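Undergrad: Line order of the protein sequences matches chains X and L.
Throughout, this note's numbering is defined as the position within the first sequence, counted from one, plus 6.
Throughout, this note's numbering is defined as the position within the second sequence, counted from one, plus 6.
Among the hints, a few may not be true.
Below are the DSS-like pairs computed for lysine-lysine, each with C-alpha atoms no more than 30 angstroms apart in a straight line [stated by the list, open to error]:
| # | chain 1 | residue 1 | chain 2 | residue 2 |
| --- | --- | --- | --- | --- |
| 1 | X | Lys59 | L | Lys59 |
| 2 | L | Lys59 | L | Lys122 |
| 3 | X | Lys122 | X | Lys59 |
| 4 | L | Lys122 | X | Lys122 |
| 5 | X | Lys122 | L | Lys59 |
| 6 | X | Lys59 | L | Lys122 |
No lab work stands behind these hints, which were simulated from the structure alone.
In this text, all values refer to a predicted model and were calculated from it rather than measured experimentally.
Protein chains: 2
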Amino acid sequence: MVRQVRAVRTRRALVRAAAEVFAEDGYALASLPVISRRAGVSTGALHFHFPSKDLLAREVEAAATAAVQRLVVREGAGGGGGLQLLVDVSGDLVAALAVDPVLRAGFELAGDPSRKSAEGPGRWWSEWVHGLLREAQGAGELARGVSPEAAAVAVVASVAGFGRLASRQRVRSSPRLVEQFWALLLPGLAAPSHRLPVLPGPRATGTDRTPR
Amino acid sequence: MVRQVRAVRTRRALVRAAAEVFAEDGYALASLPVISRRAGVSTGALHFHFPSKDLLAREVEAAATAAVQRLVVREGAGGGGGLQLLVDVSGDLVAALAVDPVLRAGFELAGDPSRKSAEGPGRWWSEWVHGLLREAQGAGELARGVSPEAAAVAVVASVAGFGRLASRQRVRSSPRLVEQFWALLLPGLAAPSHRLPVLPGPRATGTDRTPR
Numbered sequence: 007m008v009r010q011v012r013a014v015r016t017r018r019a020l021v022r023a024a025a026e027v028f029a030e031d032g033y034a035l036a037s038l039p040v041i042s043r044r045a046g047v048s049t050g051a052l053h054f055h056f057p058s059k060d061l062l063a064r065e066v067e068a069a070a071t072a073a074v075q076r077l078v079v080r081e082g083a084g085g086g087g088g089l090q091l092l093v094d095v096s097g098d099l100v101a102a103l104a105v106d107p108v109l110r111a112g113f114e115l116a117g118d119p120s121r122k123s124a125e126g127p128g129r130w131w132s133e134w135v136h137g138l139l140r141e142a143q144g145a146g147e148l149a150r151g152v153s154p155e156a157a158a159v160a161v162v163a164s165v166a167g168f169g170r171l172a173s174r175q176r177v178r179s180s181p182r183l184v185e186q187f188w189a190l191l192l193p194g195l196a197a198p199s200h201r202l203p204v205l206p207g208p209r210a211t212g213t214d215r216t217p218r
Numbered sequence: 007m008v009r010q011v012r013a014v015r016t017r018r019a020l021v022r023a024a025a026e027v028f029a030e031d032g033y034a035l036a037s038l039p040v041i042s043r044r045a046g047v048s049t050g051a052l053h054f055h056f057p058s059k060d061l062l063a064r065e066v067e068a069a070a071t072a073a074v075q076r077l078v079v080r081e082g083a084g085g086g087g088g089l090q091l092l093v094d095v096s097g098d099l100v101a102a103l104a105v106d107p108v109l110r111a112g113f114e115l116a117g118d119p120s121r122k123s124a125e126g127p128g129r130w131w132s133e134w135v136h137g138l139l140r141e142a143q144g145a146g147e148l149a150r151g152v153s154p155e156a157a158a159v160a161v162v163a164s165v166a167g168f169g170r171l172a173s174r175q176r177v178r179s180s181p182r183l184v185e186q187f188w189a190l191l192l193p194g195l196a197a198p199s200h201r202l203p204v205l206p207g208p209r210a211t212g213t214d215r216t217p218r
């Protein structure tokens, strides 16, 4: 039992160290000995848990995808319309990208030409945003003439941009920027009957959630 | 004279081949012999023009930055307000990203963790968009309460997103998507007195420019 707990902890440390090294050096140059040293485990333990760098990268991607899915589920439980959900989840995601190297690496591995993975969180997230906006259109939440496709590309790209800013800490006010982004986008995006009362949800700005 | 012309042509072929190989394999794994073969020149000629991979990458970045600057100068000559210029240039840039591997590689090298360059076109473009939106705010072109910072991040990230779509050819309608993006953004971004009559300029959709 103790051994199992230790194994889980070791895997987690390896995944986090791998995420950091992938972000710093890129997938191609990331070195397994550097990763195991950073995780504080032996190279033997690394090879026991992850026989190849590819498997380690897949684990980073799977963990990142699961983290994005948890944000969606958590916010989705609150009810509310599709656009409100999108506003809340995007704020949470930017906040999470600022602090979670595994989430960040999961997104960035897909854009690393030496990796070219289609299994990361980026694809799942992009499809979720596209689907949500198409559904919002069907539910009459979008302004007339709005293209859910163009809106989805803009939202996915902008969230990635705010996430990069947040993680570089060059702009510490990124949660505020995400709010301002939505204030900018919603007049053109939302049908007049679906303007949102609260933007974004409290969780997106990192404060405790109060009942709505 | 003939020799000079040939040298210019060889450099250009090498820069284009390098851009394609960087995009396919990433900077770290890009191989100089593969680049020279693709350019149809000897490895000796490659080393004569570019003694290192770093110098070749710098040339790709410089060529890409110059291409973006040319778009800005060309559209800027037409007069009109700052927002109209931004709409026109962004449409041109997405169209150019779809067809120009050097431009694309210039932007992507900065995001390649094995390269980490700060000299590519991305930085220049981002600073130009930020500056333009701050000036537009000063000139009263932006709606009240709009953050030029948040708008700039959204525009820079979205243009990159539309450019990636366009280059992958998964969505062939990317010029139309850029128009729809602006139709989405402008109601929140532009002051009511500065709503634009034409969105975007004809060049952005790839048709011939007619006098305005």
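Undergrad: Compare the structure with each hint and give your call.
TA: Comparing the hints with the structure gives:
no., hint, result
1, Lys59(X) x Lys59(L), "holds (26 angstroms)"
2, Lys59(L) x Lys122(L), "holds (14 angstroms)"
3, Lys122(X) x Lys59(X), "holds (14 angstroms)"
4, Lys122(L) x Lys122(X), "holds (18 angstroms)"
5, Lys122(X) x Lys59(L), "holds (22 angstroms)"
6, Lys59(X) x Lys122(L), "holds (22 angstroms)"
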